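Next come the chains, spelled out residue by residue.
There are 4 protein chains.
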Amino acid sequence: MCRASSLPFAIPSPLRYGELAGGTGHAAYGTITGMPETDTDTGWLSREQLRDARDRLPILYVNLVPVRVDERSQVSSVGLLLRATEQGQIQRELVSGRVLYHERLRDAVLRHIERDLGPMALPQVPLSPQPFAIAEYFPTPGVTPFHDPRQHAVALGYVVVLMGDCTPQGNALDLAWLSPAEALELAATPEMGGGHGVLLRQALAHLGHAV
Amino acid sequence: MCRASSLPFAIPSPLRYGELAGGTGHAAYGTITGMPETDTDTGWLSREQLRDARDRLPILYVNLVPVRVDERSQVSSVGLLLRATEQGQIQRELVSGRVLYHERLRDAVLRHIERDLGPMALPQVPLSPQPFAIAEYFPTPGVTPFHDPRQHAVALGYVVVLMGDCTPQGNALDLAWLSPAEALELAATPEMGGGHGVLLRQALAHLGHAV
Amino acid sequence: MCRASSLPFAIPSPLRYGELAGGTGHAAYGTITGMPETDTDTGWLSREQLRDARDRLPILYVNLVPVRVDERSQVSSVGLLLRATEQGQIQRELVSGRVLYHERLRDAVLRHIERDLGPMALPQVPLSPQPFAIAEYFPTPGVTPFHDPRQHAVALGYVVVLMGDCTPQGNALDLAWLSPAEALELAATPEMGGGHGVLLRQALAHLGHAV
Amino acid sequence: MCRASSLPFAIPSPLRYGELAGGTGHAAYGTITGMPETDTDTGWLSREQLRDARDRLPILYVNLVPVRVDERSQVSSVGLLLRATEQGQIQRELVSGRVLYHERLRDAVLRHIERDLGPMALPQVPLSPQPFAIAEYFPTPGVTPFHDPRQHAVALGYVVVLMGDCTPQGNALDLAWLSPAEALELAATPEMGGGHGVLLRQALAHLGHAV
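Protein chains in written order, with my numbering: chain A, 1 to 211; chain B, 1001 to 1211; chain C, 2001 to 2211; chain D, 3001 to 3211.
FYI, nobody ran anything at the bench for these hints, they're computed from the structure. Some hints here could point you the wrong way.
[Stated by the list, open to error] According to the in silico footprint, chain A covers these stretches of chain B (three or more CB under 8 angstroms from chain A): (1) 1131–1145; (2) 1195–1207.
[To be verified] Derived CB-CB ranges, DEER-like: (3) B:P1149 - C:S2076: 13 to 23 angstroms; (4) B:S1076 - D:M3120: 55 to 65 angstroms; (5) C:D2052 - D:L3122: 40 to 50 angstroms; (6) B:E1048 - C:G2088: 40 to 50 angstroms; (7) A:S46 - D:E3114: 36 to 46 angstroms.
All figures in this text were calculated on a predicted structure; none of them were measured in a lab. Don't be surprised by glycine CBs; every beta carbon is placed ideally from N, CA and C.
Given the sequences, and given the hints that come with them, work out the whole structure.
Spelled out as structure tokens, the structure:
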């Protein structure tokens, strides 16, 4: 079973913070600490290059709804990441991240799940590349229900079943498993801002839940 | 433009009522007057035969969400039928009805739209037979969010754009056009019981709305 | 791993044959032996009652594409049932069967997989009830690409990942695992008649394959 | 009705050719003349900037399948663009193009249809942003069925119904309307290279056709 980590709401180290000042995840808004947006491990883009691209092109993302299911594939719980904003607020998030150059969507899904939930999460990538929804994040609020002050991003939404042990990694303080009903309720609050709550509710509607 | 009918909430005539005691639409629950369920005009099934089948087989339905769209195909309004129950309550409904023997799904969509909204509604049947959702109506409440005391019905959900003039027909007292926001709100009330509200919200989620 | 059974193309026993003369699966056409269509174990419908309903109502089915996937959820092989027709011809089929009264779609999927592939197949029911396709089988050939001389059936198509050991049961002579490329080729031949080949190719298209 | 243009296979003027040497559309491969890739009219990216981004990020596209439908929304014909490659070969293409910074997907669909088919094509943008397929174009052949030597592009596939008069614009030499059967056949030939043929066949599978 995938246990929620017992990590306290640790304050990221200054070094880490400095490295990541730009923020990265969708809901991050450049204010949530700790999301290694510039993929320095892969070296695809320098921070300047990424900022440059963001001023000129829509950036492709995946937005992932981690779930556990029972033996009939009914969702028993939804996994939400807990992050702290720079202002010290707690934010609930989906697993989210960019698709890299020359990276297949399947590999982007696996990489982001591993980055946030660890190498033992055993994710089941969706069979079909058809996403359940497309989220258009605009830097201008109000154009769509999705908003990202850093950029124009277009995210493909997928539900990902986790079969293994999840240990929140990197900048995620914790991972909380909620029942679908709890998740639906939380998704309607400001704790899931910027559109992640909207996408979560769309996901549960797609899975047949009353939303 | 498709105008809402100016019909008052007329009480159906006793004759009509007697004819239709069995009820018919999903949300009808055998209590909403006026839905000619036995399709006596087509003569496919006698009422007894239909009751018989309903005790033994899931019955195939289509559940249709009538919408008007702007020039970019964004939903500008959602059309909901107004019906009176036998108890005199007002109920809001989607367009809904059975698929007949040897009838194509496309033709069932067209037939039910014409039956409820008249011959000038100019519906656009969805291009793909893939429904946006499947609603499983059980005679036992609580098995799914969908409930129909008369039968086990499985409905394919489709969004149908109307291009023409709608005039509520048959047992529909009226047709109301609501903004997506109004429709979402109404869909969460008991005025849309039995599951039609749930399906409507799933439809709007599928179309990209925040639900 | 799910091994193809080593059963030869055994001729069903007369008793069995007699019991099942009505045939049952979609591609069966009433001519393929061995599909226990009347669900005598569940007692939902006598054969006469089912025949009666078939003359008057579309019958709801599920059509299931059994697959094995690699660790990135890419289809590595497709499982096809082998059946003998009464004329002694070999037919390749998807797993297919009726949805029973008061049965959820998820349960129908699990039941039919177990009936044909045994109790250790460990199927993953799709997360969402939204099917990848709807197959409309008409008793009249040519109305759609799907044909079933026995009835008007409407089948919801799902791809089902199998995680366990498959042992062909009941009337299936054998189960063959083919690569997606082999399956696509076979699906275009008369060995997959009545529409199962069409649905299989639609499934692989949906999964992103070149068809 | 949307008539196919009577334009001969005109050779683009040198000036035009010079302007567009970089090529642009998916199937263009940098070799098909005439697709104004750098959107000089909108001024979003200089050619150098776009080339730069292409070396580092997946570029977001829409791939559009233009169709005409009958009154039951069954596809009666598929519209394919005719282009000449620099080598003088004729290529059939879908309508395809980039999504611009701060552009909604709906607007990108409308813009590219107008660019290729003129202002009177009266396209119906799909109701839902959910694409029927995702095409991952890699600069390296063989990674997926989709190939674009210029870039890593991820295209959202949509079917677009055209209600008006189409007049091939810009770099399209002509627009041909084919029956679904003819389109399926053509889609399997080298005349529709790079993946447009694959996507077209996936689209027709999604619409319920036998592929």
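### Query
What are the numbers of the hints the structure violates, in ascending order?
Checked against the structure, the hints that fail are numbers 3, 4, while the rest are satisfied.
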